[in-house]
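> Start from chain A and add chain B according to the hints.
Below are the chains, spelled out letter by letter.
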Amino acid sequence: MSTILRGLQFYPGKTIIHKLDPRVKLVISLLLMATAALYLEVTIITMVIVVEALLSIVAKVFSRWARTVYGAAPLIILVFIANFLFKLSMPGQSLSFQSIYESLQLAYRLVAFLASFSIFFLTTTPEELGMALTKMKVPYMYTFAFISAIRFTPILAEELQSIVDAQRSRGLELEKGNIITRLRRYIPILVPLMVNVLRRSYELAEAIEVKCFGAKKNRTYLRELKMTTKDWITLSASITLFTVAIYIRYFSRISIP
Amino acid sequence: MREVNLEINEGEFVVLAGRSGCGKSTLLRCFNGLIPHFYDGEMIGKVEVCGLDTRQHPPYILSQYAGMVFQNPDNQLFALTVEADVAFALENLSFPRDEIKERVDQALKIMGIEELRDKSTLELSGGQKQKVAIASILAMHPKILLLDEPTSSLDPFSAKQLIDTIISLNQKHRITILIAEHRLEMLLPYASRIIIIDNGRIVLDGNPREILEKYDVIPYGVSVPRIVKVVMHLKKTLNNSLIPWTPLSVEEFVDIIRRWEEK
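Listed in order, the protein sequences are those of chains A and B. Last residue of the first sequence: 256 (numbering that gives the first Met the number 0), numbering continuous. Last residue of the second sequence: 262 (numbering that gives the first Met the number 0), numbering continuous.
Hints in this document: simulated from the structure, not taken from any laboratory. You may find that some hints are simply not true.
Claimed, not checked - Covered by chain A, according to a simulated footprint, are these stretches of chain B (three or more residues, beta-carbon under 8 Å):
| hint | stretch |
| --- | --- |
| 1 | 60 to 68 |
| 2 | 93 to 105 |
| 3 | 192 to 198 |
All of these numbers come straight from a predicted model, not from anything done at the bench. Just so it is clear, CB atoms sit at the ideal spot from N, CA and C, and this is done for glycine as well.
The shape of chain A in the complex, shown without the other chains:
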């Protein structure tokens, strides 16, 4: 359960990357991904990953960034195998160096995708994400649902753990038996969890009522995102670079190794 908690922990930082407007960071991540989607060449994908690595170093989150990318290895291997088998099943294909190489390229591209997402989430707090959603005119109901999900997941994870402990101390064995008996053994865990969640939701509803949720149509906000000059410069620089990438891909005759 501690992994869930760790995954949701956010580390406030003070680097240039952390201070960028989350919307700008989101655009940069998407552009990096789009670049990786435009090209399949190993050299370009490597360049994208290097750029991402540099960004993570500037943001001082390199080790955590590397860990998330490394953690996604099973998924990447799965994609590789799936692609490879798919290629083999196509008519007229045989087991060749070419098909292995192409599958590898696709899996490698996934690394660039994941790494790009990872930087965004490592340098943006959920709070900032919520503010970005508000700025993007997402109705507050949805932003609130998003923030609540982050707020209450660790609490529910803790509750689940204590129910597991309580039922185990009453003799419940979770690790024995085949899949079906194991699943059945989870019933004494899920039922109390549901009951607790329902009870908690009632208390939450009371508390939110007292805090005047939904009292006024036009909610105000204490903190609001503002684009600074730095944000605009970064944004335009990355868009320019991306335009260059599109140009090279579709209009120039530069051959890429």
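Okay, now just chain B, sitting in the frame of chain A:
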């Protein structure tokens, strides 16, 4: 609850006592409109808070007069940082940004938790969470603070700290306090009034010292402070003039003994 006839004056410090399920929480929920607006059931009679009839005003209006703090700190914080949570109710009420800022600063200062401002609500201790919960209610500038067993999930030290803060809210900031609590030992010396509820009825209501002197409250599930028990025993064996009044705290008892020396 039945046959409730109650009037609470501005600035009072009222302790609601009685065993679990006796109706303390129900009574508290009548003051901010959760009853009758949030709960189903039958309500006969009339409750007026600061001149507002609770039937005619929704909880979000009444909460600005009578703010409520609940038992479980985890179920009343909604934002991800302390500052955002204290601002939450004000944002819902569409206050202008400058005023939200000012009120958040003030509420954090009153509760003595300015250093927690940028912390995540997930990394706070139980006592800190409860202080944040009170701060976010105080930011609405209520005249009355309703507290439903706020220390029940805290360790004795954090509970003492929280109760001390609540006492100072009453003494320094003149906020009327209505608190349902089992830890009477820390509260009674400062309370102006104790209301004992049993089975949905108010059985005793008055000054804590007089109530404890005159009545045996233990059958109602009220935990009598140990010092009061000691003094009651002493009174039976010693000359009554030696203990002219019942002390509610150790400090008051020491005071009485000091007077013996002077004599």
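> To test your reading of the hints: which numbers does this structure violate?
Hint 3 contradicted; others consistent.
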